[in-house]
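S.K.: Sequences listed follow chains A and B, in order. One point on numbering: in my numbering, the residue at position 21 of the first sequence is 21, and numbering is uninterrupted. Numbers given in my numbering equal positions in the second sequence, counted from 1, plus 1000.
Think of the hints as simulated: they come from the structure by calculation, not from any bench. Owing to the predicted nature of the structure, the values given are computational and were not obtained by experimental measurement. For glycine and all other residues, C-beta sits at the position ideal for the given N, C-alpha and C. Honestly, I wouldn't trust all of these hints.
Sample of chain B residues lacking proximity to chain A, with all beta carbon distances greater than 10 Å (derived) [unchecked claim]: (1) Thr1047; (2) Gly1055; (3) Leu1094; (4) Asn1113; (5) Leu1136; (6) Ser1153; (7) Val1154; (8) Ile1160.
Derived list of chain A stretches under chain B, where covered just means 3 residues or more per stretch with a C-beta under 8 Å from a C-beta of chain B [claimed, not checked]: (9) 107 to 118; (10) 161 to 173; (11) 248 to 262.
SDA-like, lysine to any residue: derived pairs with alpha carbons at most 20 Å apart [stated by the list, open to error]: (12) A/Lys255 - A/Lys174; (13) A/Lys174 - B/Thr1101; (14) B/Lys1151 - B/Ala1164; (15) A/Lys337 - A/Gly199; (16) A/Lys174 - B/Met1072; (17) A/Lys174 - B/Glu1162; (18) A/Lys174 - B/Ile1163; (19) A/Lys174 - B/Glu1062; (20) A/Lys337 - B/Ile1163; (21) B/Lys1151 - B/Thr1073; (22) A/Lys174 - B/Ala1164; (23) A/Lys174 - B/Pro1060; (24) A/Lys174 - B/Pro1107; (25) A/Lys386 - B/Pro1082; (26) A/Lys174 - B/Thr1065; (27) A/Lys337 - A/Asp321; (28) A/Lys386 - A/Tyr397; (29) A/Lys174 - B/Lys1151; (30) A/Lys174 - B/Arg1063.
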Amino acid sequence: MNRYRSLKLRSKCALGISTGIMLAACAYASDTDWQMHGALTQGVIYTSDNNFYGNSDDNASLKFTEIDFNASARLRPNLRAAGQVLYRHTGSQSEGGSVDYAFLDYQFFTDPSFISGIRGGRFKVPIGLYNETRDVAFTRPSIYMPQSAYPDTARDLELSSDGALVYGELFTNKAGQWTAEFGVGQPRIDEKTVRSVFGFLPGDISNVSGHTSTVGRLLYQSSGGEWQASFSRSDVRVDYRQALAPMLSTDIEIKLVYWLASLQYSLDQWIFTGEYGQIDARLNSNLFEQGFHPQAYYLQATRRLDAQWSIYTRWDNLYWDRHDHSGNDYAALTGRKAYANFAHDYNLGVRFDVNSNAMISAEYHYIEGTAWLSPADNSALNNAAKYWQMLALEFSYRF
Amino acid sequence: MNLYLFCLSSPSGYVPSTQALSFLRLSSARLCLWLALSLSASLYADTTVAIVNPGEATHPFERKTLRAAFGMTLQSWPDGQPLTIFVFRDENPLHQQFCRTVLGVLPYSLRRNWDRLLFSGGGQAPIVVNNVHEMLQRVATTPGAIGYLNKESVDESVSIIEIAQ
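For reference, chain A alone in the conformation it holds in the complex (with noise of 0.2 Å):
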């Protein structure tokens, strides 16, 4: 508990720290030098069964709100802060403010067709096409993002750290634009998320921290912007220590690599989007050892029909054992049902954008398996249904 309110407390140091630099940036910078911009979101969600983002289960459930406030001053042509602070609230599984990224920008190489830089601060994690902005509903790709390759229950592990992260990126005229990323840090993760994510003991689980960890994507963008693709990978270290029974606890270490491969065809009217990845994480202590191979894809297509209204569909499939895709060894091992080992999600949205500050969605989802249930919301998981259904509404206004 202690190292969770020393977690708390350090978030509370960078929010001072980086709302003290933005404020003196702001005194020193032009009008054109300084932008603050923000995000607020409300959804609600119902479902047939099982909890997401609260109690849904036959009830709509409100406790689904993101509000963010960014700010960003360029100090020198070179040299630029950024900052942005977060309160978000889905049901159990997350709730309260913290420092989402702060940092300073220094680009130490500027060309007419090569820029490079470093970020030295607190940095959003780049994996995939989406992770970094997954809670600003206007660049989600839906609702809720797809929960294979960016699971809630999971989403501290690949946030944001703090460290140091430095890019390149090369602009060409016909061969398009690719930005490789490379970034050191110290996750930012807690006792929930080691509980949704490797919660398999029943004991308490205390002393969380993260430990140096690493992140690196190549991103290819089409000179016209038709192409995207990309690939990441992060590799995590965070140990914690695990009651096993009253007077007895071993400490664990985990190593978690996950790549993601991701690829992006968008034409005027149609988007279509698809990301395959894969983790290996691995749990050593002194008295067992336990890995997991989880594996997670999805496909979506979107036609936006007009500048203002767009339909959706995706298919969205995790796995927490590529090498057990039933769940029935899952479930001979440990009595659990075999569904709760994957999770198969369905879906159809529609989105309105009523201008280019707010926008509506709503969504409709067929889900069978229960893998990214999250155990705070659902207290009792083993009893979770195997076929369930969601409604999902948002509304989102920026400025």
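Got chain A; can you put chain B on it based on the hints?
M.R.: What follows is chain B alone, placed relative to chain A:
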């Protein structure tokens, strides 16, 4: 037929494939109308130009550099002067024309990149102006500024960016 070829090979470059497909289904009367509209769109498109504060070098720009500037990833000029980008709102026809014909990018993909930068701290958003007068005035008075306009609206207070082919 010549007209049709002209439309497809016009320097505006960007002809949506759906338009080409629907061409097959058009009746001859509508075809003429479509040709006329496409031609006028091409002529109109040709007149959209990128403009720059006269304090900056007016040497020919390569398209990649203009794309990087409007993509908000290139943040300063080679001489160290900060780059400031002025645009009209996303739905403005001139903005759409500029994206497609001068930058050669899908307008909504530009917005997608801006939002990614804006909400991850990777960059700033371009500054939105509301009318031609404001565009001229802001570009003319902001050192290192770039914007765009219809060629007819450009006056001597700003310089036109020549794009190297």
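S.K.: Each hint: holds or not?
M.R.: Status of the hints after comparison with the structure:
no. : hint                  : result
1   : Thr1047               : holds (21 Å)
2   : Gly1055               : holds (14 Å)
3   : Leu1094               : holds (15 Å)
4   : Asn1113               : violated (8 Å)
5   : Leu1136               : holds (16 Å)
6   : Ser1153               : holds (22 Å)
7   : Val1154               : holds (21 Å)
8   : Ile1160               : holds (18 Å)
9   : 107 to 118            : holds (count 6)
10  : 161 to 173            : holds (count 4)
11  : 248 to 262            : violated (count 0)
12  : A/Lys255 - A/Lys174   : violated (40 Å)
13  : A/Lys174 - B/Thr1101  : holds (15 Å)
14  : B/Lys1151 - B/Ala1164 : holds (18 Å)
15  : A/Lys337 - A/Gly199   : holds (16 Å)
16  : A/Lys174 - B/Met1072  : holds (19 Å)
17  : A/Lys174 - B/Glu1162  : holds (18 Å)
18  : A/Lys174 - B/Ile1163  : holds (14 Å)
19  : A/Lys174 - B/Glu1062  : holds (11 Å)
20  : A/Lys337 - B/Ile1163  : violated (63 Å)
21  : B/Lys1151 - B/Thr1073 : violated (26 Å)
22  : A/Lys174 - B/Ala1164  : holds (13 Å)
23  : A/Lys174 - B/Pro1060  : holds (17 Å)
24  : A/Lys174 - B/Pro1107  : holds (18 Å)
25  : A/Lys386 - B/Pro1082  : violated (56 Å)
26  : A/Lys174 - B/Thr1065  : holds (12 Å)
27  : A/Lys337 - A/Asp321   : holds (14 Å)
28  : A/Lys386 - A/Tyr397   : violated (35 Å)
29  : A/Lys174 - B/Lys1151  : violated (26 Å)
30  : A/Lys174 - B/Arg1063  : holds (9 Å)
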